[in-house]
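Last residue of the sequence shown: 1179 in our numbering, with the numbers rising by one and none dropped.
Source of the hints: derived by calculation from the structure; they are not laboratory data.
Straight line, CA to CA, 25 Å or less: simulated SDA-like cross-link-like pairs of lysine to any residue: (1) Lys846 x Phe832; (2) Lys1101 x His834; (3) Lys1027 x Leu822; (4) Lys1019 x Val1030; (5) Lys1019 x Thr1125; (6) Lys1148 x Asn1077; (7) Lys1167 x Gly923; (8) Lys980 x His992; (9) Lys947 x Arg1168; (10) Lys1019 x Glu962; (11) Lys817 x Gly741; (12) Lys947 x Asp932; (13) Lys1124 x Arg833; (14) Lys1027 x Thr1125; (15) Lys1019 x Pro1056; (16) Lys1101 x Val936; (17) Lys980 x Tyr1145; (18) Lys1019 x Gly986; (19) Lys1167 x Asp941; (20) Lys1019 x Ser960; (21) Lys957 x Glu982; (22) Lys1101 x Gln1070; (23) Lys1124 x Glu1079.
Taking CB as the label site, the calculated pair distances span: (24) Lys610 x Pro985: 56 to 62 Å; (25) Leu961 x Gly1153: 22 to 28 Å; (26) Val1000 x Val831: 25 to 31 Å.
Yeah, the Cβ is synthetic: ideal placement off N, Cα and C, and Gly gets one too.
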Amino acid sequence: MRILVTLTLASIFVGMSNFDESSLHGNEGTGLAEHAEPAGFTVDGVQHGLASKYLRDAGVEGDPDVILFEDFEVDSIAALDARGWVPRHGPGLWKDGTGEKLGWKYYEITAESGTPFAGNRCLKKSITSMASDPPSQPYGAKATWNLPEGRTVLFVRAHVKLSSNLPSDSTPFRILGVTGVPDGQPTYQTFGANTPRSDGTGPFWVDLKLFNMDRYNIRHLRIDCKKTDTHYVLYGSEGKLPANRWLCIEMKVKLNTPGKCDGELRVWLDGKEVFRHPRMWYRNTDAVKIRSVHDQFRIDQRRFTSGGHFWVDNLVVARRYIGPAVDEPLQPLPPTLFPAPAQKAEPRPAAARAETLNGIATRYPGDVGIENDPDVMFVENFEDPNWDRKWQERSGAHRKYGSLETDPEIVLSGENSLKLLFKLEAGPGGAGWMHHWYDGSDVAYLRYYFRLSEGGDWRNQKIMQLHGHKPGVRYGRGAGNRGIDWLCAGDGVGGQEGPPWKKNILYNYHPHQSGGFGDNLEPTTSDVPAAVEGRWICKEFMVKLNDPGKLNGEVRKWVDGRLVIEKTDMEWRLEPDIVINNIMQPTYTLKPPGPGQERILWLDNIVLAKRYIGPMATVDDK
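Hey, can you work out the whole structure from these sequences and the hints?
Pasting the structure below:
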C-alpha cells in the first residue's frame, strides 16, 4: 500500500490550511530568497513541502533546494555504488573503514511487480534467521552518501516499508540518519559503539530506528543522538508502526550556534510531525558540520527466529522541508503561521513577583493548620506515627536508614523530624529515596526545612525534587537523559569547600538542557546564604510550566525567604499534557562516609502549594 495524497483539483482547497515554514528552511545562503512560492502548507492535517510540486517525485531532482534524489532506478548494486553510495560494515567500520564492501551483501535492487513505491525498482534489504550464540559480529550495514559540502541544516526524507516479521525479535533496528564530523575527518568515524562520545569538537550522528520494547513486533520509532547517547520515543507508546505498507519518514537536523543551545531535531511520519526538539546541542565549534546521510540496515542483536525484509524508495535530501510524495501536484495558498517557534515572554512587573507577596505560612504560626489552606496540596511534618503512608513509594534503603528523630534539642517543631542516616554500606545512594505522587498541577511551590550533621562531607548532596510527567505516568528517563517527556527541578547542598557549604543551584531536566545530565541554574544574586551545619535552614523552590510553544515557564529558589535564583523564560514542556505530579526525596551523595563514620540529614515541615509559602511565621533558635 502506498502513502499518497490523492485529491481532485476541485477539492484541493478543502481542509487546506497554511503555515509559514520559515522554521523549516535552511538559512545557509542557498538562494532560498529567490523562491516566490511559500515553503509549505497543510491539507487535511498532512504537511506538504517541495515534493507537492512533483507527481510522485518525478523531476524533484531538478528542484533548486534538492541536494540528492535517489530513486534506486538502477540495474544493480554496483550501479548504486557508482552513484556515490558507500557500504560500511563492522568491525573495520569504526576503525579504518576496511570492512566497507561487506555491507552490500545485505542489499539488492528489486523490480518485483507491485513492490516499488514509484517507478520500476526500489532498494530491498533482507534479514535471515540466525541461530549463532553469541553472534560473530554485528548484523547488517549502512550505505553512506557524502554531501558535496558540509551543511548546518539538512532534511532527509524516504519512503519505507517493513515486512510483517521485521524487526522480529531484534532490538533496536536502525533505518535512517545523518552524521557530522569536523573539517577533514572521515565520515566512517561517526558510526558504531566504539565511536567516542562527542564533546562538541568531534563527530556526532542522529539515527532513526525501530525499537520493539522487548515485545515481538511492537515497532516504536525512536531517535538516537550519539552526542548524549539519548533515545527519544517518537511514535507513541500505545501503537506500533504498520507493516506491509509504504510510510513516509522525514527528519530535520539543524546544528546549533556554537555556544548556544539552539539546534533543532524534528521528525515527520506520513507528513505529520511526531517529534520536535527545539533546543538541541550538537557542537561547540563551527568546524563540525553535517557531512553525510546514511540508509541503514543494522541490528545490534542477531538472535531472531525468522527472516524479514525492509524496502526503501524515493530518498530525498534537501535544504528545506520535503513532505510526502503526491499523486497530483498541489498548489499552496499564501502561508500563515506553522509551527511558531517558542516566543520569549515579556518580563513580569516586579510587583508581581512571588517574593514580594505574603507567603501562606505567615497565616499559620508554626505551620499549625497550614494543611487546611485552600492553596496547599500536601504537608508532611512527620508527627503521625504512620507518616510514611503519604509516600506511595519508599526504597529499601530509605526504610532501613530512615527513622523519626525525637530528640527535642534537634527536632524543628512538634515532636518529630525525619532522620536520614548515611553510612559507608549505603553507598552513593545514601539513605535511598521516597516519592509522593499527586494528580498534577501546572504550578508548584515546594518548601522544606533541613539540617546537616556537623563534620561530614556534604559537597554534593541531593535533598528534594519536583518531577513532571504525563498524567498516569510515573518516573521519567532518569539521570543521563534529556527532559523531553518529563521534567525535574532538584535542590540540595554542595560546594568544593566547606563548611559552610556555599553551592546553591537548581538541578533541572528540560528540553533546553545542553547535555544528558541536566543543567545547573546558578544564583542570580551575589548575596546567597551558605548551608551552615548544625542549624535548620528553610529552602523553597517553585516551577511554573510554560504554555506549549512559548518560553514563559518559570523557576525560582529561596533560602530562608531570600530569593537567590529566578528564571522566567523556561520551556519546561513541549506538550500540554505534561504536568508536575511528583515530590521526590532523594539522598544521592557524591562521597559516602568512610569506614566507621556516619552523617545525618534531618528533614521537617515539607509543604507543597500552588503559591509562595515562605518560612514559618515563628520558629525557635534551633
